[in-house]
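*Asks:* Sequence:
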Amino acid sequence: MTPAPLHLAGERLMLDPMGVVSWPARRTLAVSDLHLEKGSHFAARGHFVPPYDTRETLTKLALATRRYRPARLVLLGDSFHDARGCERMAPADCAALGRILASVEEVVWVLGNHDPVAPVGLPGIAVSSFADGPLTFRHEADPRASGELSGHFHPKATLATRAGGVCRPCFATDARRVILPAFGAYTGGLDVRDPALGCLFPRGGRVFLLGADRLFSVPMAPMRRRAEAAL
1 MTPAPLHLAG ERLMLDPMGV VSWPARRTLA VSDLHLEKGS HFAARGHFVP PYDTRETLTK
61 LALATRRYRP ARLVLLGDSF HDARGCERMA PADCAALGRI LASVEEVVWV LGNHDPVAPV
121 GLPGIAVSSF ADGPLTFRHE ADPRASGELS GHFHPKATLA TRAGGVCRPC FATDARRVIL
181 PAFGAYTGGL DVRDPALGCL FPRGGRVFLL GADRLFSVPM APMRRRAEAA L
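Counting in the UniProt record's numbering, the sequence shown runs from 1 upward without gaps.
Don't read these hints as lab results, they were simulated from the structure. A hint or two may mislead.
Claimed, not checked - Pairwise CB distance ranges (calculated):
1) Arg69 - Val166: 30 to 36 Å
2) Gly211 - Ala90: 30 to 36 Å
3) Ala212 - Pro123: 31 to 37 Å
4) Arg193 - Ala95: 38 to 44 Å
5) Pro123 - Leu63: 18 to 24 Å
6) Arg193 - Ile125: 31 to 37 Å
7) Arg144 - Pro123: 29 to 35 Å
8) Ala71 - Gly10: 18 to 24 Å
9) Arg26 - Leu63: 17 to 23 Å
10) Ala92 - Ala145: 37 to 43 Å
11) Ala62 - Cys199: 22 to 28 Å
Every value quoted in this text rests on a predicted model; they were computed, and no experiment measured them. Glycine is no exception: its CB is placed at the ideal position from the N, C-alpha and C atoms.
Throw the hints in and build the complete structure from the sequences for me.
*Replies:* This is the structure:
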């Protein structure tokens, strides 16, 4: 896979097609919106879906940590789909998550709207936001912030091709922030043209769509131009 370099607040980041961000200078890997145990959450409410989302997500996360070998893993919120998701994990999945967390020196659980409390029995610190040097990690973007990495919105974008539009999860970026795509296997997405996302990029920016082994970068129009195009 070929990551794409991005400079934010004077720091060089690497955007990976798997949907993670590496900060080499701090040996930090950031990932957002795993939504572990989303399948079991819906199953408990009578909506039966294949119960393999947690395993698939953890398999991919293990691959990312092996690739980058970070000293610090920052999970940008909604790591579990609900506050009791950790308690529902199958023993094999608990063991897989334990191996991932044991492979790093520091684990930071940024709390999200789906998991507003710290996971029980897992290593690491739980915080509402985490700052290191010029960068701040939080779940939902603060419109006033700069040098920010966040998640929450599950951004996706559509790339025009000869065969029609191809819709993919994406990173949404500008000079002030990076919003990561959702990492979990059972996660949908919000189009970057939606006003909820557009208001965070009033002057436009760039999106990096996730491909099989590379990213596809396209410009994101300023909010006013998008509004005019919709008329």
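*Asks:* If a hint holds in the structure, say so; if it doesn't, say that too.
*Replies:* Results for each hint:
{"no.": "1", "hint": "Arg69 - Val166: 30 to 36 Å", "verdict": "holds (32 Å)"}
{"no.": "2", "hint": "Gly211 - Ala90: 30 to 36 Å", "verdict": "holds (31 Å)"}
{"no.": "3", "hint": "Ala212 - Pro123: 31 to 37 Å", "verdict": "holds (33 Å)"}
{"no.": "4", "hint": "Arg193 - Ala95: 38 to 44 Å", "verdict": "holds (41 Å)"}
{"no.": "5", "hint": "Pro123 - Leu63: 18 to 24 Å", "verdict": "holds (20 Å)"}
{"no.": "6", "hint": "Arg193 - Ile125: 31 to 37 Å", "verdict": "holds (36 Å)"}
{"no.": "7", "hint": "Arg144 - Pro123: 29 to 35 Å", "verdict": "holds (32 Å)"}
{"no.": "8", "hint": "Ala71 - Gly10: 18 to 24 Å", "verdict": "holds (21 Å)"}
{"no.": "9", "hint": "Arg26 - Leu63: 17 to 23 Å", "verdict": "holds (21 Å)"}
{"no.": "10", "hint": "Ala92 - Ala145: 37 to 43 Å", "verdict": "holds (39 Å)"}
{"no.": "11", "hint": "Ala62 - Cys199: 22 to 28 Å", "verdict": "violated (36 Å)"}
Checked against the numbered hints above, the structure breaks only hint 11 and satisfies the rest.
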